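Assemble the whole structure, with the sequences as input and the hints as a guide.
One-letter residues, chain by chain:
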Amino acid sequence: ETGVTQTPRHLVMGMTNKKSLKCEQHLGHNAMYWYKQSAKKPLELMFVYSLEERVENNSVPSRFSPECPNSSHLFLHLHTLQPEDSALYLCASSQERPGELFFGEGSRLTVL
Amino acid sequence: AQSVAQPEDQVNVAEGNPLTVKCTYSVSGNPYLFWYVQYPNRGLQFLLKYITGDNLVKGSYGFEAEFNKSQTSFHLKKPSALVSDSALYFCAVRDFPVENAGNMLTFGGGTRLMVKP
Numbered sequence: 001e002t003g004v005t006q007t008p009r010h011l012v013m014g015m016t017n018k019k020s021l022k023c024e025q026h027l028g029h030n031a032m033y034w035y036k037q038s039a040k041k042p043l044e045l046m047f048v049y050s051l052e053e054r055v056e057n058n059s060v061p062s063r064f065s066p067e068c069p070n071s072s073h074l075f076l077h078l079h080t081l082q083p084e085d086s087a088l089y090l091c092a093s094s095q096e097r098p099g100e101l102f103f104g105e106g107s108r109l110t111v112l
Numbered sequence: 113a114q115s116v117a118q119p120e121d122q123v124n125v126a127e128g129n130p131l132t133v134k135c136t137y138s139v140s141g142n143p144y145l146f147w148y149v150q151y152p153n154r155g156l157q158f159l160l161k162y163i164t165g166d167n168l169v170k171g172s173y174g175f176e177a178e179f180n181k182s183q184t185s186f187h188l189k190k191p192s193a194l195v196s197d198s199a200l201y202f203c204a205v206r207d208f209p210v211e212n213a214g215n216m217l218t219f220g221g222g223t224r225l226m227v228k229p
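Sequences listed follow chains B and V, in order.
Quick note on numbering: the first sequence equals residues 1 to 112 in the working numbering.
Quick note on numbering: the second sequence equals residues 113 to 229 in the working numbering.
A hint or two may mislead.
Claimed, not checked - Coverage of chain B stretches by chain V, computed from C-beta distances (three or more under 8 Å per stretch; other residues unrestricted):
hint : stretch
1    : 38-48
2    : 69-79
3    : 83-96
Stated by the list, open to error - With a straight-line Cα cutoff of 20 Å, these simulated EDC-like cross-link-like pairs (lysine to aspartate or glutamate) come out:
hint : chain 1 : residue 1 : chain 2 : residue 2
4    : B       : 18        : B       : 84
5    : V       : 228       : V       : 121
6    : V       : 228       : V       : 127
7    : V       : 170       : B       : 100
8    : V       : 228       : V       : 120
9    : B       : 41        : V       : 121
10   : V       : 189       : V       : 176
11   : B       : 19        : B       : 105
12   : B       : 40        : V       : 120
13   : V       : 228       : V       : 178
14   : B       : 22        : B       : 67
15   : B       : 22        : B       : 53
16   : V       : 134       : V       : 120
17   : B       : 40        : B       : 105
18   : B       : 41        : V       : 120
19   : B       : 22        : B       : 44
20   : V       : 228       : V       : 166
21   : V       : 161       : B       : 96
22   : B       : 40        : V       : 121
23   : B       : 36        : B       : 100
24   : V       : 161       : B       : 100
Think of the hints as simulated: they come from the structure by calculation, not from any bench.
Quantities reported herein were computed from a predicted structural model and do not represent experimental measurements.
Beta carbons are placed, not taken as given, at the ideal position from N, Cα and C, and that holds for glycine.
Put into structure tokens, the structure is as follows:
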């Protein structure tokens, strides 16, 4: 059982829809992350929040909008996505030290 | 900038034989190194890490990894492979962390391990 919970596990949306991915961590960590995993590509870091402040926005298109209302919750708001945005979106959390990330099971997104 | 290379897309090994999954890295300072495993339709699970100290690191499920600074490598090993070890393995690295900046890991492309009975 993972200490990082992601919902929904699967999401199918049209290009004009607005949806959100949710992540909740029960580990008392102070940093949270969104990664994108596409077929045949390395994991791509999208956003990092540390102490509820965004510290990294890795050139992600504005159609992806993160929100971190507190240290336990992280959202990824999606709107007007493209089919190439179809991927597995992974949430992770960590302490500042020693540094390993703990991942959720991922949200599989399909954009039609 | 930090980077990680996993030169093998796939490694095949027979059950009971030793396995090695290769990883090389590039960082500007002292590296923090990690191995993760991913089973189908699952997230990444942490296996082990090297921060400092003994170059041979032991982790979950009987896996270990050897840090070699001169070769900038951190290969994952297991003395006797199991069919259940078949999965996707990722090596990751980060430079010495910056305060309050999270832990931005850079991942390799992954190596698929196939263990055959």
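Structure-based check of each hint:
Coverage of the stretch 38-48 of chain B by chain V holds [criterion: at least 3 residues with CB-CB distance below 8 Å; count 5]. Counting residues of the stretch 69-79 of chain B whose C-beta lies closer than 8 Å to any C-beta of chain V gives 0; at least three are required, and the coverage claim is violated. A stretch counts as covered by a chain when three or more of its residues have a beta carbon under 8 Å from one of that chain; for the stretch 83-96 of chain B and chain V the count is 4, and the coverage holds. The suggested pairing of residue 18 (chain B) with residue 84 (chain B) holds, with an alpha-carbon distance near 16 Å, which does not exceed 20 Å.
Between the alpha carbons of residue 228 (chain V) and residue 121 (chain V) the distance comes to roughly 17 Å, so the proposed pair stays at or under 20 Å and holds. The straight-line distance between the Cα atoms of residue 228 (chain V) and residue 127 (chain V) is roughly 6 Å, inside the 20 Å bound, and the hint therefore holds. Between residue 170 (chain V) and residue 100 (chain B) the CA atoms are separated by roughly 15 Å; this keeps the pair inside 20 Å, and the hint holds. In summary, the hint linking residue 228 (chain V) to residue 120 (chain V) is supported, as the alpha carbons are separated by about 18 Å, within the 20 Å threshold.
For a cut-off of 20 Å, the pair hint linking residue 41 (chain B) to residue 121 (chain V) stands: about 12 Å separates their Cα positions. At roughly 5 Å between alpha-carbon atoms, residue 189 (chain V) and residue 176 (chain V) fall within 20 Å of each other, so this suggested pair holds. The hinted pair formed by residue 19 (chain B) and residue 105 (chain B) meets the criterion: a straight-line CA distance of about 19 Å does not exceed 20 Å. This hinted pair checks out: residue 40 (chain B) and residue 120 (chain V) have alpha carbons roughly 13 Å apart, not beyond 20 Å.
With a C-alpha separation of about 25 Å, the suggested pairing of residue 228 (chain V) with residue 178 (chain V) is violated against the 20 Å cut-off. Our distance criterion of 20 Å between C-alpha atoms is met by residue 22 (chain B) and residue 67 (chain B), whose separation comes to about 10 Å. Of the supplied pair hints, the one linking residue 22 (chain B) and residue 53 (chain B) holds, its CA atoms being roughly 17 Å apart against a limit of 20 Å. For the given pair, residue 134 (chain V) sits about 7 Å from residue 120 (chain V) by alpha-carbon distance, which is consistent with the 20 Å threshold.
Between the alpha carbons of residue 40 (chain B) and residue 105 (chain B) the distance comes to roughly 19 Å, so the proposed pair stays at or under 20 Å and holds. The suggested pairing of residue 41 (chain B) with residue 120 (chain V) holds, with an alpha-carbon distance near 14 Å, which does not exceed 20 Å. About 18 Å separates the Cα atoms of residue 22 (chain B) and residue 44 (chain B), which keeps this hinted pair within 20 Å; it holds. Only pairs whose Cα atoms come within 20 Å are accepted, and residue 228 (chain V) paired with residue 166 (chain V) is rejected, the gap being roughly 32 Å.
With a C-alpha separation of about 15 Å, the suggested pair residue 161 (chain V) and residue 96 (chain B) falls inside the 20 Å cut-off, and the hint holds. Taking the CA atoms of residue 40 (chain B) and residue 121 (chain V), the gap is near 10 Å; set against the 20 Å cutoff, the hint holds. A threshold of 20 Å between alpha carbons decides the hint, and for residue 36 (chain B) with residue 100 (chain B) the separation of about 18 Å falls inside it, so the pair holds. Proposed proximity of residue 161 (chain V) and residue 100 (chain B) is supported: the alpha carbons are some 8 Å apart, at most 20 Å.
Consistency note: the structure conflicts with the earlier hints numbered 2, 13, 20.
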